[in-house]
Amino acid sequence: MGHVMPTPPLRILVVEDEVLIALELECLLDDLGHVTVGVAGSSQEAIALGLSTHPDVALVDIHLVDGPTGVAVARALSADPRTTVVFMTANAKRIPDDFAGAVGVIAKPYSERVVAGTLRYVAECRAGHAASLDGLDGFRLAADGWDRLHP
Amino acid sequence: MTDMARGGMPASIAESTLVSAFSESPTPMVLTDVAGGAHPIVWANAAFLALTGYDWDELRGRNCRMLQGPLTDRDTVARIGAAIAEGRSFEAELVNYRKDGTSFWNGMTLSPVRDADGKVTQYYSAQADMTGKHSLEVAMTLANNDLERRVSEQTADLRATLEQKTALLHEVDHRVKNNLQVISSLMLLKARRTPEGAVRDALNGMAERIGALSTVHRMLYSAGDVTRFDLREFADDFLGDLVAGLDGERTSVSAQIDPVAVSAAMAAPLALMLHELATNAVRHAFPDNRAGRVSITAQRRDGALHMLIADDGVGLSAATPNPAGFGRSLVEMVVRQLRGTIAWSETAPGTRVEITVPLDAISLRDAASEPDVETPRWAT
Chain D
420 MGHVMPTPPL RILVVEDEVL IALELECLLD DLGHVTVGVA GSSQEAIALG LSTHPDVALV
480 DIHLVDGPTG VAVARALSAD PRTTVVFMTA NAKRIPDDFA GAVGVIAKPY SERVVAGTLR
540 YVAECRAGHA ASLDGLDGFR LAADGWDRLH P
Chain S
296 MTDMARGGMP ASIAESTLVS AFSESPTPMV LTDVAGGAHP IVWANAAFLA LTGYDWDELR
356 GRNCRMLQGP LTDRDTVARI GAAIAEGRSF EAELVNYRKD GTSFWNGMTL SPVRDADGKV
416 TQYYSAQADM TGKHSLEVAM TLANNDLERR VSEQTADLRA TLEQKTALLH EVDHRVKNNL
476 QVISSLMLLK ARRTPEGAVR DALNGMAERI GALSTVHRML YSAGDVTRFD LREFADDFLG
536 DLVAGLDGER TSVSAQIDPV AVSAAMAAPL ALMLHELATN AVRHAFPDNR AGRVSITAQR
596 RDGALHMLIA DDGVGLSAAT PNPAGFGRSL VEMVVRQLRG TIAWSETAPG TRVEITVPLD
656 AISLRDAASE PDVETPRWAT
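Chains as they are written, first to last, in the numbering used here: chain D, 420 to 570; chain S, 296 to 675.
Chain D extracted, bound-state conformation:
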């Protein structure tokens, strides 16, 4: 992987209605040295938590308790320039062409390596470092994902 400069831990909002997946993801984020600022299972909760916590990154599932509302959540959360939104879904076909403001998508079922690699990529981009997506087969960058990560 070569030498990488250290990046500060990310403050992450998890938007996932499947409790087991959310819980395991929280443990993984903790292992990776990041901080989970909240877990939301519905679009309302997600948008409210976004407003109150201003996370660095939001990991957003498409299907939530109140339906396929993850797309609207991504639009709302990405309106805050401080927040980088990444979809995390088994239903990538529902993502609109403009990715609703998200920078990319992690396909479910994901491996921990892809989650780790994606967050490392996002952290390095946000820190202004050069970053590579090599080997991250389970992550797909949106058409304007790179531009969004380099404002």
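These are calculated hints, taken from the structure and not from any lab test.
Just some of the chain S residues that point at chain D, by a computed CB distance under 10 Å:
no., residue
1, G506
2, E528
3, A539
Away from chain D, derived, C-beta distances all over 10 Å, residues of chain S:
no., residue
4, I375
5, G413
6, D424
7, E491
8, R504
9, R523
10, R585
11, A586
12, G622
13, S640
For glycine and all other residues, C-beta sits at the position ideal for the given N, C-alpha and C.
Using the hints, position chain S against chain D.
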């Protein structure tokens, strides 16, 4: 009749012969007089009487308009009138009526008959009953319209059914992926809450196997082709995971996997097999910080997949008792399921596993793929 009126006809044919021939002709014919503008019928043959159902006495001196009726096309009548007024020949198809009131399609040719000075004196017309042709055309049009309607109905039905099935497939695919993620999360959560030791290792091992199957599912259903699976794409992804967790200074993994497209039925067993063998070699061949290499090759040759996994580690007998026991029997079960053969051997140092699996019909349908020796990017 003058020579000119006879056209190119030999003078030796007597006029009486012509009259006789026309009278007996099965083609209905009629002659009208243009003098005076009333165009009375001055001659008609027997076939014309038969076609129209009138006697000669009923036709003589009358205008051919008597044959027209409600369904006769007025425009065509007007065009016939114009042609006659200009002394031109004309062809038309027109609805006419018989004496009994029944209608028929009359296909007619009209041509002027001129005297020695070239002045039109009469009009000659030959007819043909085109009713059969017309009803055939109408029947054909109706049949065509009906056929088109039925085809478009069936196409719409098929399209709706296809859309339904596609939506169903996406739904099932989504559920399978989500459930695999839940199962994997469940295993990992339990592993995190289990003290270090055999049970935790077993849980993590299971989560990894589920991960291998998940990767197969993701690759099968995202590529759009749900019948084929590229073994190299899988190996690239899976070995990337494996290498990421290794101390690269101590253990190296090299692989040469042909881009072999296998059927969906073979995908999961092959993926599981590759996962077990590679993981076993990496985890158990190099205890006590021993350095070493694992090499993996997969080639397609003679309708079969040949795989070789070799390491220069401690060897099967020297490894700690039965750490790979489950993995090894899993591999043997999978090879049996695929009707292949497996040979384990000690190479001192190390272990060598050779597997040959016959490719099934679907896998063989793939065009012969050239072995690609490009080194995958994760190999260090």
